[in-house]
Amino acid sequence: MRRRSLFLTITASMGFVFLYAPIIALIVYSFNKSKLVTVWGGWSLKWYSELFKNQQIIDAALVSLKIALVSASLAVVLGTMAGFVLSRMGRFRGKMILSGWITAPLIMPEVITGLSLLLLFVAMEGMFGWPAGRGTGTVIIAHTTFCMAYVAVIVQSRLASMDETLEEAAMDLGAKPSTLFFLVTLPLIAPALISGWLLSFTLSLDDLVIASFVSGPGNSTLPMVIFSKVRLGVTPEVNALATIMIAIVAVGVLAAMYQMRRQTKLSSGQE
Amino acid sequence: MSIPSGSAWIDKSATGMARYNLFRGVNWGRLSVIAVPGLWLGIFFFIPFLVVFKISLSESAIAVPPYSAMLEWDLEEAYATFKLNFGNYLYLFEDTFYLDAYISSVKIASISTFFTLIVGFPIAYLIARSKPSMRVVLLSLVILPFWTSFLLRVYAWMGFLKKNGIVNEFLLSTGIIDQPLVMLQTDFAVYIGIVYTYLPFMILPLYTALEKMDLTLLEAAEDLGSRPYQSFFLVTLPLAVPGIIAGCMLVFIPAVGEFVIPALLGGSDTLMIGRVLWDEFFLNRDWPMASAVAIVMLVVLVLPVMLIRNAQGKEEAHS
Chain A
1 MRRRSLFLTI TASMGFVFLY APIIALIVYS FNKSKLVTVW GGWSLKWYSE
51 LFKNQQIIDA ALVSLKIALV SASLAVVLGT MAGFVLSRMG RFRGKMILSG
101 WITAPLIMPE VITGLSLLLL FVAMEGMFGW PAGRGTGTVI IAHTTFCMAY
151 VAVIVQSRLA SMDETLEEAA MDLGAKPSTL FFLVTLPLIA PALISGWLLS
201 FTLSLDDLVI ASFVSGPGNS TLPMVIFSKV RLGVTPEVNA LATIMIAIVA
251 VGVLAAMYQM RRQTKLSSGQ E
Chain B
272 MSIPSGSAWI DKSATGMARY NLFRGVNWGR LSVIAVPGLW LGIFFFIPFL
322 VVFKISLSES AIAVPPYSAM LEWDLEEAYA TFKLNFGNYL YLFEDTFYLD
372 AYISSVKIAS ISTFFTLIVG FPIAYLIARS KPSMRVVLLS LVILPFWTSF
422 LLRVYAWMGF LKKNGIVNEF LLSTGIIDQP LVMLQTDFAV YIGIVYTYLP
472 FMILPLYTAL EKMDLTLLEA AEDLGSRPYQ SFFLVTLPLA VPGIIAGCML
522 VFIPAVGEFV IPALLGGSDT LMIGRVLWDE FFLNRDWPMA SAVAIVMLVV
572 LVLPVMLIRN AQGKEEAHS
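Respectively, the protein sequence lines represent chains A and B.
The first sequence begins at 1 in the working numbering and counts up by one.
The second sequence begins at 272 in the working numbering and counts up by one.
Extracted from the complex, chain B is given alone in its bound form:
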């Protein structure tokens, strides 16, 4: 960020008013440009979490809205009560159902993230090593499915994986199997769904990291007698680490809270926390419990978010 050299700014810095230079003369215009998006996000993104936190501490009630008021007062009787209910959180840890759902979500998200990396890396690597005109074509091919509806792409896999679906028909006709495999409504289908839909989120940061790489490093490694696989593991892979971290976080974090994929591809025993929250809210209509589930889910995700911020910060410092 270079400092503008316009005469209007020089006057201010010349008088040593560095503090006012913060607002570079256009205080109000500047402030409003900052304030509008800031306020919007504050009201519609930040405050909602406070509301969720508040409701997670209230009791479920048969009312509209279906939760108890935290503060009750009566001016004539001159009393006020302030109630906090930690029961929802206690229940989260008492009933192993919720704990299992958290553990299972993290497990499914981790395994899928790993496979997304395995599938995405060769594609990103191939694109980064192609000619510039070819890169545009290949990148567009990666992005094209991303632009088509997420829901419909998940739906496409239902037709692929079902008992008399295309994969089974193909395997039966080639004689590889003689009984149709049960693939739909299993965890396996959920892994496929996550790998498939989140693949662009893995490929793009990997591609950015690999494309920036200095190829002379590989030549140097070769000159020093390193074999291709050695150069790959000792030179390419370490240089791709920022891309790997960013890609894994971009896949892992939304995958933990995924709802659509387990709902359409998973079985009734596929336990994912996003789906538990959805059911708690829409089927059980227990808003306070759903809020508590959301708050704990946020806490589970804070650590990876910190990691990605850290990785981004490092990347910015390098470039």
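Okay, chain A solo, but in the shape it has when bound:
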């Protein structure tokens, strides 16, 4: 047993090194003074000041934030409904189809989702005159569609692992379905809604492929700008941008981790 656990520790640690080495290198090089990304020229914050002077990146970041805020919120509403339908409404005709539809966007290659949505928008424009051209609105629709799938899965698993006795008690006491949902179920699944929202927000901020298909001219999102910059060549300010984004995410995940750890300690202490 001992030998295997040593082998396990070594291989798993190598896995963690593999996960973090490129990110750490990226962070370190964001403080590099030299313009050549690979030559170390000493510590400097100049790429950060370059970054904040780059209006194109700032505009794209604002567009991305707006899209992510709206589509994450829409995705939570629609995804919660879908997750609720799948786990609390028993059997009904078309349930298999709906559950298939809900999970399909999770595994669909992004190029197909992007292409098909664009062609839909073009066809709709031809038929109904809406949407006239493409812009943030079409990107929001596209992002909502694939994010709601993630929210639905999270809400569904939370509802499935949740005790139904509280809901049954409320029903016995005569709560109407809507009262029941808003006063009992919703507070109970709130953590799932928060993580679903955060996940959707991140996924939307991160998406390059779908946004490239469905966004209109002048509505480039941050990933689209980064992608074109990276493809064109050396861009040290992208390192600075990446570091800022990683730092924000790290703070969020560490806070969530601390919270979860405290909760597991509390619950194990109670037992």
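Treat the hints with caution; some may be incorrect.
What the hints assert, rightly or not - Taking lysine-lysine and the DSS-like style, the derived pairs with C-alpha atoms no more than 27 angstroms apart in a straight line are:
1) A/33 <-> A/46
2) B/434 <-> A/229
3) A/33 <-> B/433
4) A/229 <-> A/46
5) B/434 <-> A/33
6) A/53 <-> A/229
7) A/229 <-> A/66
8) A/33 <-> A/229
9) A/95 <-> A/176
10) A/53 <-> A/33
11) A/66 <-> A/53
12) B/434 <-> A/46
13) B/402 <-> B/483
14) B/378 <-> B/433
15) B/378 <-> B/434
16) A/229 <-> B/433
17) A/46 <-> B/433
What the hints assert, rightly or not - Okay, the calculated bits of chain B under chain A, using three or more residues with CB under 8 angstroms as the criterion:
18) 301 to 313
19) 384 to 393
20) 411 to 424
21) 508 to 518
22) 536 to 542
Keep in mind that the hints were calculated from the coordinates and are not lab data.
Please read all numbers here as calculations on a predicted model, not as lab measurements.
Glycine included, C-beta positions come from ideal geometry on N, C-alpha and C.
We have chain A; now place chain B onto it with these hints.
Frame of chain A, contents of chain B only:
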């Protein structure tokens, strides 16, 4: 799913109206809760595929939008023509370029999936066997990179793998190699990129499967004289199969259609179908051809999707 015991429902089932019980009294509210997400997905996820299929059967044209109309009519002349063009599909199979791209995508996705499993398994296993408080920390460490931008993580590997990048500098300075290795813009870099970015998708289902495992089974195997590696291959691995299947599908399917990784890390000869579709659409502006490429890609992926549904169904039946 237990049946609610509220008096409001009992009345209905008592009168034997089982069919109406389907809607448990709140027909319209219930229906609308089902209909809203259903309609959204129908309009923005399902119908788009019909549109793609339709356009894949039209001809490329210099027009806005750049494809021919399938149905043309003229009321005054009293004629209507309905044209279906299978040329795009025929061309897909005539020109070996597309076939090669499909085969190469499936190959690259399979090899990367295999290596993702090899790298992910020890991590998932270690997490599943750690103390509960440690599990949270290790799981968060796995998920943290997943929360940071996919594009930027791929970009990080560009700095790592290039000719005067960190890996080459390190290998040169330790004297392991005396010529920088060409790693960026090769299939090798694409494998690394896929393994790296999809690793959490492999680890999480593996972890779920391994964590559920009954450890007394291992004790029993040991008592019966099985060596650690035997217990691993005869007990642990078979029990992890649902996790392995789910993880492999979660990696393989999106990897087949991957665009960003081959575009940034792959070479000009790295052929992946997602990239072909992208070029067909954005560079050649041949929308019907891009649609045909997408439809065939979907068909290629239907089989693994069926497999994953099947595996999930079995897992649900067990739990």
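Numbers of unmet hints, in rising order: 21 and 22
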